[in-house]
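S.K.: Reminder that position 24 of the sequence shown reads as 26 in the working numbering, one-by-one numbering, no gaps.
Keep in mind that the hints were calculated from the coordinates and are not lab data.
Treat the hints loosely; a few may be bogus.
[To be verified] Label-pair distances were calculated between CB atoms; the ranges are:
hint, residue 1, residue 2, range
1, P122, H33, 38 to 46 Å
2, R107, A73, 40 to 48 Å
3, Y68, T105, 44 to 52 Å
4, K94, A12, 14 to 22 Å
5, T105, S51, 20 to 28 Å
We treat Cβ as the ideally placed atom computed from N, Cα and C, and that holds for glycine.
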Amino acid sequence: MYMMAFERKAASLNFRTYEASGGHWRLFWIHVLITVIGSLIGVVPFEWSRIYPVSTMAPAGGEIYYQAIAAILAIMEFHTIFIFMRLLRINKIQQTEDNFTLTERYQVNENVRMVELMLPVVW
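Work the whole structure out from these sequences, hints included.
M.R.: As structure tokens, this is what we get:
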């Protein structure tokens with residue numbers, strides 16, 4: 003959801019050219035970076051010389067890593083909610099303005115529709 007919030011933010015900031023802009027490589031690489039960092043954080047606490055049963059519980063000595071991961075995820079969730087609420091407010095203000103082309107109005111309406119759809123999911 004965090005990456006979807008950034009995608010909607012990009013759509014809201016670039017509403018004039020969003021549909022025609024094509025490549026969103028910067029967001030793609032940010033997503034890859036977050037995935038790699040998250041994977042590394044999940045792998046670091048394990049001692050590969052030991053055999054573990056398949057479980058979602060933290061191994062001995064690895065609890066601190068899972069507490070840190072939980073704290074980071076909680077912060078990301080609050081930030082996601084904040085982004086969606088702010089985008090909804092900004093896009094609703096833009097929706098009332100009448101100096102946009104038909105394509106721009108469509109993109110603003112689409113932004114409002116998508117944020118209203120996703121906000122209950124993260125809330």
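S.K.: Determine for every hint whether it applies to the structure shown.
M.R.: Cross-check of the supplied hints:
Checked against the given bound of 38 to 46 Å, the beta carbons of P122 and H33, roughly 23 Å apart, lie outside it. The beta-carbon spacing between R107 and A73, approximately 41 Å, falls within the hinted interval of 40 to 48 Å. Between Y68 and T105 the beta carbon distance is about 47 Å. The supplied range of 44 to 52 Å therefore holds. Separation of K94 from A12 is about 18 Å and conforms to the stated range, judged on CB atoms against 14 to 22 Å.
A hinted range of 20 to 28 Å for the beta carbons of T105 and S51 is inconsistent with their spacing of about 59 Å.
In terms of the numbered hints stated before, the structure departs from hints 1, 5, listed from lowest to highest.
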